[in-house]
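Read top to bottom, the protein sequences are chains A and B.
Taking the working numbering, the leading residue of the first sequence gets 1, the next gets one more, and so forth.
Taking the working numbering, the leading residue of the second sequence gets 1001, the next gets one more, and so forth.
To be clear, the hints were calculated from the coordinates, so they are not data collected in a lab.
Please note that a few of the clues may not be correct.
If you want a taste of the chain B side facing chain A, the calculated C-beta under 8 Å gives, among others [unchecked claim]:
#, residue
1, Tyr1030
2, Arg1074
3, Pro1081
Even for Gly, the Cβ is constructed at its ideal location relative to N, Cα and C.
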Amino acid sequence: MSEGTIQLIQKLSRALRPVQRIPRLRHAAGGVVLLWLAAGTLALALRGLRPDLFQQLDPAGAFVVILAGLGLIAFAGVMAALATSVPGRGMAVQVSLCVGLAGVMLAGGVGGLLVLREAGPVPVACPFETDLACFTLACLLSLPPALGVLTFISRGSPYRPLIAVLAATTGSVALGALLVHVSCPESNPRHVILAHALAPLGGALLLTVPFRAALRRVTES
Amino acid sequence: MKKREKKYDPKEAEWASWMAAAQEGDSVLYERLLQSVLPALRGFVGARLGDPSSVEDVVQTVLFSIHRARHTYRPERPFSPWFWAIARNAVIDAQRARNVRRRREVPLDTIAEAAQPQAPAPKDLSLSPRISHALSRLPASQRQAVELIHLSGLSVAEAAAQVGVSPGALKVRAHRGYRALRQQLGDEHE
């Protein structure tokens, strides 16, 4: 048996070819942010910021809390996805997952409660089509950063690719939801909670399977 | 976990530089690196698996994984966390596979004991040419395990005593033999 291992080592050494190292995590994260900024600039140029954006910037208000929560989810999702693709970055993954969980609680929990409180007894009416439009836009805006993260994952060596893709989609949709949140003028609590604050979770449910299938195709080819 | 792993990596800086050289295509230093990590790797895997018969398999899996993931190592980062993460993942996979196998399979000695009549009649060892041929293509150790347990009707303990290995090791050999037989016969069938 041991001779087999020695032979294997010799075989692997003979088959050795120079390899291009995977980029640093921070460089990969920078690339993802650039892709997001490009998509965001285009989206905001077409859609514009919400008219009352500056009135909404109260640190204890629902708008800012949800914005912060989405930011945490985006950061954590992208970092977890990148870190799971490189062996030995388990600590970064764990920290990212904790930050992401805090982000979900902040955006969906605290932000949701604040939205309900701010809405008053008779909230502004909002059709379901608007919810769907914002959610779809968040998913669409997530595609460029998701592409960046998935490219890194395909070049890396994730131990559990499904978890890497799940983190990637959650983080990317959170990036998309951030843009939607600053550009959507709706203040209906259902809309803000479902289509903004919880969009990363819905997007992850929707996009993880197709992204995983795409990643499998890329890595197998 | 970290404390335990630290005792396995006294040559951290050396390993890191060898790995960096390997990424540039230096096969001599790569072979030296793999040879150098081998004893520590065997100790790590053996301590976690407990089953000596599968240690070498997992060690080889780790070596393959290192080879396939060698581009993910960054020289500015320590080598050990990268290396032991790959090893740990392989061990976890092996443990999971073993647990799944244990849940799915009935122990061979149980089957043998249940099937054993009061006065065991000699088994008919005549096999179809197809099965005989497939059996003859197995490695000697696996063929012997399959013949003793399945064809000669010995219990696992008796067969293990006859071969001079532990019952666990013999069961693993027999299992691999069955799997190889199934594959060969399936391939022929297709």
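Structure-inconsistent hints, enumerated in ascending order:
none
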